[in-house]
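Chains as they are written, first to last, in this note's numbering: chain A, 1 to 293; chain B, 294 to 604; chain C, 605 to 1099.
Mixed in with the good hints there might be a few duds.
As the list claims (entries may be wrong) - Okay, derived cross-link-like pairs now, EDC-like style, lysine to aspartate or glutamate, Cα gap no bigger than 20 Å in a straight line:
(1) A:K228 to C:E704
(2) A:K228 to C:D716
(3) A:K109 to B:D540
(4) C:K1037 to C:E704
(5) A:K228 to C:E673
Stated by the list, open to error - In silico negatives: residues of chain A with every beta carbon more than 10 Å from chain B:
(6) D16
(7) P61
(8) S62
(9) P64
(10) S70
(11) F71
(12) I78
(13) V79
(14) L86
(15) N146
(16) Q193
(17) Y219
(18) Y222
(19) Y226
No lab work stands behind these hints, which were simulated from the structure alone.
We put the CB at the ideal spot given by N, CA and C, even for glycine.
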Amino acid sequence: MVRAKTGNRIRETGSDRVINAAVLVLLAVLFVIWFFPMLYVVLASVTPYEDVVRAGLLILPSRPTFTAYSFLFSSTGIVGSFLVTLTVTIVGTLLSMALSILLAFPLSKKGLPGRALITKLLVFTMYFSGGLIPTYMMVRRLHLLNTIWALIIPGCVSTYNMLLLRSYFVSMPDELLEAAEVDGSGPLRTLVQIALPLSLPVTMSVMLFYMVTYWNTYYAYYYYCYDKSLRPLQVVLMDLIRSATGEAEADEFVPTITVQMAAVVFSCVPIVCVYPFIQKYFTTGIMLGAVKG
Amino acid sequence: MHKLERKNGQKRQRALRLLGKYWPYYLMMLSGLVYFALLKYAPMYGVLIAFKDFKIKKGIWGSPWVGLQNFRTFFTSTYCSRLIGNTLIISFTKLVLSSFMSVFFALLLNECTKRRFKRLVQTVSYMPHFLSWVIIYGIVYLFCSESAGYINRIVRMLTGSAIPIMTSNTYFRGLLYFTELWKNTGYASIIYMSVIVGIDPGLYEAATIDGASRWQRIVHITLPAIRSTFIMLTIMNISKIMNAGFDQIYVFYSPQVYQTGDIIDTYVYRAGLEEMRYGLSTAVGLFKNVIGFTLVFTTNRIAQKWGEGLW
Amino acid sequence: MKTRILALVCALALLLCALGAPALADDVITIEVLSDANASDDSALESNFVRDRFKEKLGVDVAWNYNPELQTTLNMRSMSDDLPEIFAVPSRAMLTELAEDGYVLNLSDYADQLPDAFAFIEENIAAGKVGGDVYAIATRPYAFRAATWYNAKWFEQCGVTAENMPDTLEGFLALCRDLVARDLDGNGQNDTIGLTGTKRKTLRQLFGAYGCTIPNKLVCTADGTITDTMLSPAYYDALCCIRELWAEGFIDHEIFSLSDTQAVEKAMTGTALLVSCDWPSIKKAGVVESFLALDPDARWEIVGELTGPTGDRYVGDYNAQSYQRLYAVNADLADEPEKLSKVLSVINYVATEEGLELTSYGVEGEHWSRGENGAVNVFPEKVQEINFSWVYQLCGREDLSYCRMKFGEAAWPYILATSEQAWLDDVTKIIDKPSWYNATDAETFISESVMAFISGDAELTPESWAAFLEKLDTTYQYGEFIDYANGYYHELSGK
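Turn these sequences into a full structure, and let the hints guide you.
This is the structure:
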């Protein structure tokens, strides 16, 4: 049931109450199923190794310890890699969003000549690509090898995300945009001042998708770079975990499960914290009264 | 002659008019199109060049033919039909289940009246997406392990023996589906949530006043609103049907469940380890992509009949 | 006249100086090594004593590039003509491909520049050969490390010590079954497992007692024939024994689901009586420490050789003739003989006595001192400092003495003991698969079928076993493959 912004309360019927209760129960069950393993991950990262092994899933943090985290931070590259990933994520997301929106909006205009053809060409690239080697050679030719741009540019526009944006623009009522044009607004202005603000939920979602992809940058580093200072966060974390569990050579052994959990928490926390900000934009009534009649 | 010239003239005029009207849009798309040209299409062309140069420089003829040879190897494999079968079954089931679940969950959230609780559940729902399959496997092991898993502890108390959930063909696929839903429902529902949130609340009001029940409101307002997004996502997901989830299956599988769980990608991976040439994964990748693209076209055609579709 | 002679002499002197100067100060060239060997402290590879020594002695600055995605990276860089000077190759198949396509240097042509290297890897040099010539340095494999471990604490509680430990498979299994029946971890449940481990190799000692090893392995017998132990008559008996053990729950049903650490953890917590793993998984200093908290008075010992009904007592298989890594050289260097000789000098140097000592123990005087009869004594406080040096062992090392130094005297008895156990010579890695043989299909069929026999999903009778072997031969051409392997091996090793 949705409340109108004017504050009029629509009376709850008996069956409404039953449905509400059912909804709450189902959501509560889902909450438990999702929450407790996540709790386990966090608790396992701060519990001594032997307790983790013995306790199974139900860890009680009786004696918290941060050895797993200090092991992570003992790696010389971790702070730098965090900054690298942060930069890549911020710059990359902005770039990706700009390009995607600038492609999605025109392609949402039904009258645009060549619209079907361009869309087909873009969708084609989702299935067929030259492959890693020619892409590598292109990156090389563009002099992007071993630069931070090599971590951003090769994957920066996702046809999938662009289509999500386009689909929302298509669903926006034509009268809205035409009204703006009648008032003398050019296409770019219409996009920025009208279409974007109204499509915030979808735009924010796509932005989140891009951010997550950039945050997880891993393979791109090994394909295009070799400079240690360009290592993204996931690379450093994976190297750490691999080195601690790999060949007999690794002189140190830090219990893998606690370190793995600490690595997960450390790499997830920033991105998980972003979500509440995005949730802000998921407010109902954004389209309220936008189109009269 | 005269009439033809006039027709061409009209055509040109119309084209110019269109260009005049739409040029700002083309300009907007320019940088995006440049990206696609450089980083998607140029490398495609580069494949041919690479092979040509490669032959000239090293004087070897083999490459294109090696690819075909690998193709044949895969298709004459005794396991070919099983692999394709497993891939399609697992993929299709996952598609149906997750489409349903993500829409269902979005609807559930939307119908929730307690705002704080709704936000809490939503935040928690999308966290599992960030766990890698290796970690999820570790957690699943704690539940499903035959010796000490929680589920089996209970089962053993009730029946005296344990269920080999992770190592038995009977349960393996179910395990895959459940864990996939667990991991991705929340994240997948985000896009539906964002669409639902944009629905004009006035519509709900009006419907209620007209006497629509809760259920009717969902069916006639909420669902239609997500219809085009749903169809679009389904089209794209159907085209990915040859990808049954390598990352997940690789972590969970073992020879005991090859029968129901071995998919094309896991086989190709083992082939890479068995030291077959690099060409096999490329050849198989190409095959999967051809299928995928064909599916996009076909499903899009069907969708167009309903007024939807990617183009 | 005098001034002119003076001027001439000065000019000559200057000329001599100019000519002489370069000869005194060699240019230091920088080369890149691409490898999947990484030190746990990656900053150590930026600047360290090994690198300094290479610069001083050979005039080469070795930049180490760690990359775990070797196959893809090599493909990308080879196609764009951008290969490093030295690079690790992940498999023989890739090496063969690269060699045939002309990306890798034929080292046999330069054998005179690599005398020490070739001598050091003489036992397994064939592993790096393609078509009779050496195309990659096959680093010396590590010593044999596998073993089955038991907790002496429990065995002693039941009156069994190392002296009266049964040394036949039958006797040992009887003892273990007895111990399993008593609830050793004291949790009140009859859930103790007998043997745990990771994947099929858990079963290697059980197979070994019958003279066999895990399926789908090419083994070189004493008389030089290549065969797969699956085809030996004792295999059926071995399977029956294992099947029985599986059915009664003695063998952990989850061996395929466990990681190495999980398996050892099971043993440590008393969930399993025996664990099959390499000595590093259980005896490295850091490991021992972390497990101490789980079971403070555990004493994990090696079971050792167990004689089976056939009189055999193998503990596992070992790739003595294979390689730890393959290091190849960029073929383009053939056009730059000076640079090439420097590159080769690095490879050769790490195989000389001096180089071995450097990459294994560090700098003499700083990290170690020479004791009587030439023994190397590493200063205990310096062991941590030389932690990373193993990555530079491009030809391998003297594994036993190296491990003794690195892992300490506490681990040494086990290192030595595991290496002295009997093993079967596994040559699977060095036999290239012919194109008519579908190795993946065969492997899938074998894994699935044998697993079904062991777990009871398929009936194990002499008939069903024979049917399996029959199908293996006809549908998967395994017999033909074995014949091919024999021919291939004899050519490769010249034996």
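Exercise for review: Could you grab the alpha-carbon distance between K228 (chain A) and E673 (chain C) and see if it respects the 20 Å cut-off?
Suggested key: It holds: about 16 Å lies between the C-alpha atoms, which stays within 20 Å.
Check your understanding: In terms of Cβ atoms, is chain B entirely out of 10 Å range of P64 (chain A)?
Key -> The claim stands: P64 (chain A) keeps its Cβ more than 10 Å from every Cβ of chain B (closest is about 20 Å).
Check your understanding: Is the nearest CB of chain B more than 10 Å from the CB of Y222 (chain A)?
Key -> holds (17 Å)
Check your understanding: Against chain B, does S62 (chain A) keep a CB gap of more than 10 Å to every residue?
Key -> About 19 Å separates S62 (chain A) from the closest Cβ of chain B, which puts it past 10 Å; holds.
Point to revise | 10 Å Cβ clearance of L86 (chain A) from chain B | key: holds (16 Å)
Practice item. Report holds if the minimum CB distance from D16 (chain A) to chain B is greater than 10 Å, and violated otherwise. Key: violated (6 Å)
**Study point:** Distance restraint between K228 (chain A) and D716 (chain C), which requires alpha-carbon spacing of 20 Å or less
**Key:** Measuring from Cα to Cα gives roughly 36 Å; hence the hint is violated.
**Study point:** S70 (chain A) remote from chain B - nearest C-beta pair above 10 Å
**Key:** Per Cβ check, S70 (chain A) is outside 10 Å of chain B; nearest 21 Å; holds.
Check your understanding: Does the no-contact call for Y226 (chain A) survive, Cβ to all of chain B over 10 Å?
Key -> The claim holds: Y226 (chain A) sits with its nearest Cβ about 21 Å from chain B, beyond 10 Å.
Check your understanding: Just checking, P61 (chain A) versus chain B, shortest CB gap more than 10 Å?
Key -> The assertion about P61 (chain A) holds, with a minimum of 17 Å to chain B.
Review point. Does the alpha-carbon distance linking K109 (chain A) and D540 (chain B) stay inside the 20 Å limit?
Key: violated (38 Å)
Review point. Is it correct that the beta-carbon of Q193 (chain A) has no partner in chain B closer than or equal to 10 Å?
Key: It holds; Q193 (chain A) is separated from chain B by about 15 Å at its closest Cβ, greater than 10 Å.
Hint violations for this structure: numbers 1, 2, 3, 6, all remaining hints satisfied.
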